[in-house]
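Undergrad: What follows is each chain in one-letter form.
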Amino acid sequence: MRRFSISPPVAAILLAIVLFLLSGFLPNGFGNDINVAIAQATNIVRLAVFLGVIAAGQTLVIISGFEGIDLSAGSVVTLTAILTYVTVKGEDDKVLLALLISLSVGALIGFINGLGITFLKISPFVMTLGMSGVVTGLIIIINHGNVSGKVAPIMTRLIARPLSPDIPIPNAIIIWIIFGFLMWLLLERSTFGKHLFAIGVNRVTAKLSGVNVTATNLAVYSLASALAGFGGFLVVGNTGVVFIALGQPFLFPSIAAVAVGGTLLSGGKGSYWGTMAGAIVLTLITSLLTTMQMPDSVRRMVLGATLLVMISIYGRQRGFRQ
Amino acid sequence: MKRFSWDELMNRYPALFAILLLVVALIINFILQPNMFARDTLNSNMRVFLPMILLAAGQAIVILGGGIDISVGGIVSIVNTILATQVGLNGSPEKMWTYVFVSLGAGILAGAINGFFIAFLRLQPIITTYATSFLYVGFALFILPNPGGGIPAAIANVYRNTTPLGLPLAFYVIAVVLLIWMYVRSTRFGNYLYAVGGNAEAAYETAVPVTWVLFSTYVVSGFMAALAGIAITMLSGSGNAEIGVPMTLTSITAVVIGGTALSGGVGGVAGPVVGAITLGIIQNIISFSRIDTWWETFVKATIIVVALAAPGIINLLRRKKV
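Just so you know, the sequences run in chain order A and B.
Under our numbering, the final residue of the first sequence carries the number 466; numbering is consecutive throughout.
Under our numbering, the final residue of the second sequence carries the number 628; numbering is consecutive throughout.
There may be inaccurate statements among the hints.
Claimed, not checked - Reference listing, derived: stretches of chain B covered by chain A, where coverage requires no fewer than 3 residues with Cβ under 8 Å from a Cβ of chain A: (1) 425-434; (2) 445-451.
What the hints assert, rightly or not - What follows is a set of in silico ranges between Cβ atoms, one per label pair, in the way DEER data are often shown: (3) B:E400 to A:K265: 23 to 33 Å; (4) A:P309 to B:T391: 48 to 58 Å; (5) A:S334 to B:N505: 34 to 44 Å; (6) B:P399 to A:K265: 43 to 53 Å; (7) A:F263 to B:P399: 52 to 62 Å; (8) A:D237 to B:L395: 56 to 66 Å.
It should be emphasised that the hints constitute simulated quantities derived from the structure, not laboratory data.
Using N, Cα and C, we set each Cβ at its ideal position, and we do this for glycine too.
Here chain A stands alone, though its shape is the one from the complex (with noise of 0.2 Å):
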């Protein structure tokens, strides 16, 4: 019965590699150098990582279902990074307190969109919608017009910069299968992923079945959200600077790379190397749009469309007549 026989995340791979060599036609793309194409590709999976770990909490709340998603992710990404960069102020033994503060700022965020929705039922878009303009108001409050501080220089050395003068693989994409392995543990080796993966198809059958919902559910949105302050704390530590906007931008691919990735948007089947995949297809896309110099209006417009084509393929509910 299954219509496609490639798995979604292959197809993402496949898509990924198809876009690499069509840019490579573009006049100011690697052309026939093979070194200059590989440092390419390095660049291009180098930038994805920041939207793969803030698409990882995504993925965890999408896969919980019952329409969840986060919006609150781009804020929180903001957020973080501006309290990472005021906290660090330049000293390498601040790091490991920013990342601790990143971690349960995030984490508190999350439990209180988990409380909203478990508890008072609102629902999950509305809700994280909500917070989201909370976030923005604690940022503004936060920020009050600039903020001063710096990141430390081991920051950099660990997130920025290659493995060494000889290896040149960027410590980011280290950090990033290191964390696509934990990712994978989580969803396919522990008890919490079963659960996810059990509320994700059908809430009422996991309960009987001695999930406890509503407990999975708060930890669902306070790990997302934990992850996408992770997320902050690395694109800090990556471009070194902060502002108001910088966190709402990985927001729309971080849902549109779950969505190429294969993950169910209603929920209950998914995986993280397909959001990988998702993060490296979408981070192509960006960078091939910015290439061809296309305006904020034309990327906007081509992220939706890419959703769109992805949920019409994956996304069909049942239809009526059965």
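Keeping the supplied structure of chain A fixed, place chain B upon it in accordance with the hints.
TA: What follows is chain B alone, placed relative to chain A:
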């Protein structure tokens, strides 16, 4: 056994909560602004509230039918940019009329695109209209990349200062909207709408044309969003592609506090209209209470979240009592 229990009242009059909230908000606003019922003040308030009232009425129809429309803000933006670029600051009234009809057509078309994907392709409403919202805002940015343009002041003043029989124009518009809604509810379409929103599968079994009913709700919402876009353009007199973006969540909040459940099939249009006015008055209160500018976004967003949570909190408290 109380004869008039709160439950019963709320079930019979879903707009009751909104009206109570409105009265409280009105009293607070009156204390802060004693001249608020003077003719000029009333008009200047109502003309600011009208775009949201129109938007909330359209959103209510979609939500009654069991869906949600995240793209309404994008449609407002498209209409605003069409009018601001095509009519121009020196345009003639005839030109304005032409593009008012073009705008209404654009709103219906945008709604029809939403309706096509949701009703005919059976995609999830939230994620579909989220994708199209990106498409629509992108398109608005494509028409008008930077804020600017506008409509002639003389035309804008028609909207701003028309007060037939001394009552603000908005009163007449609200009356027309509510009269049309009262008529629609009494028709077969009205019954279909509640049937589809309550239980689409059951409605399909009883030969309700579910697909067409769903499709039409998005077309109505697109049309109302276009009207809101025209109203807000005449109010501001200028163009800005991002103008509609923050309006989406507010329109949903207006529907929720208006007693129309997000699950569909319960409520009406009158409640959301009252909800939109209430939110406008709360906005007034915020600006009159002279809070620190840095805190404004945070306070507004928190009020939105609390308003969204209100029905859930009431439910929670009531369940505890029983």
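Undergrad: Now look at each hint and say whether the structure bears it out.
TA: Hints and how they fare:
Three residues within the 8 Å Cβ limit are the bar, and the stretch 425-434 of chain B against chain A gives 7, so the coverage statement holds. With 5 residues bearing a CB less than 8 Å from a CB of chain A, the stretch 445-451 of chain B meets the requirement of three and the coverage assertion stands. Range check, B:E400 to A:K265: Cβ separation about 51 Å, and the 23 to 33 Å hint is violated. Between A:P309 and B:T391 the Cβ separation comes to about 53 Å, which falls inside the hinted range of 48 to 58 Å.
Separated by about 37 Å at the C-beta atoms, A:S334 and B:N505 satisfy the suggested range of 34 to 44 Å. Remark: the range hint 43 to 53 Å for B:P399 to A:K265 is upheld by a beta-carbon distance near 49 Å. The supplied range of 52 to 62 Å is met by A:F263 and B:P399, whose beta-carbon atoms lie about 54 Å from each other. Between A:D237 and B:L395 the Cβ separation comes to about 59 Å, which falls inside the hinted range of 56 to 66 Å.
Checked against the numbered hints above, the structure violates only hint 3.
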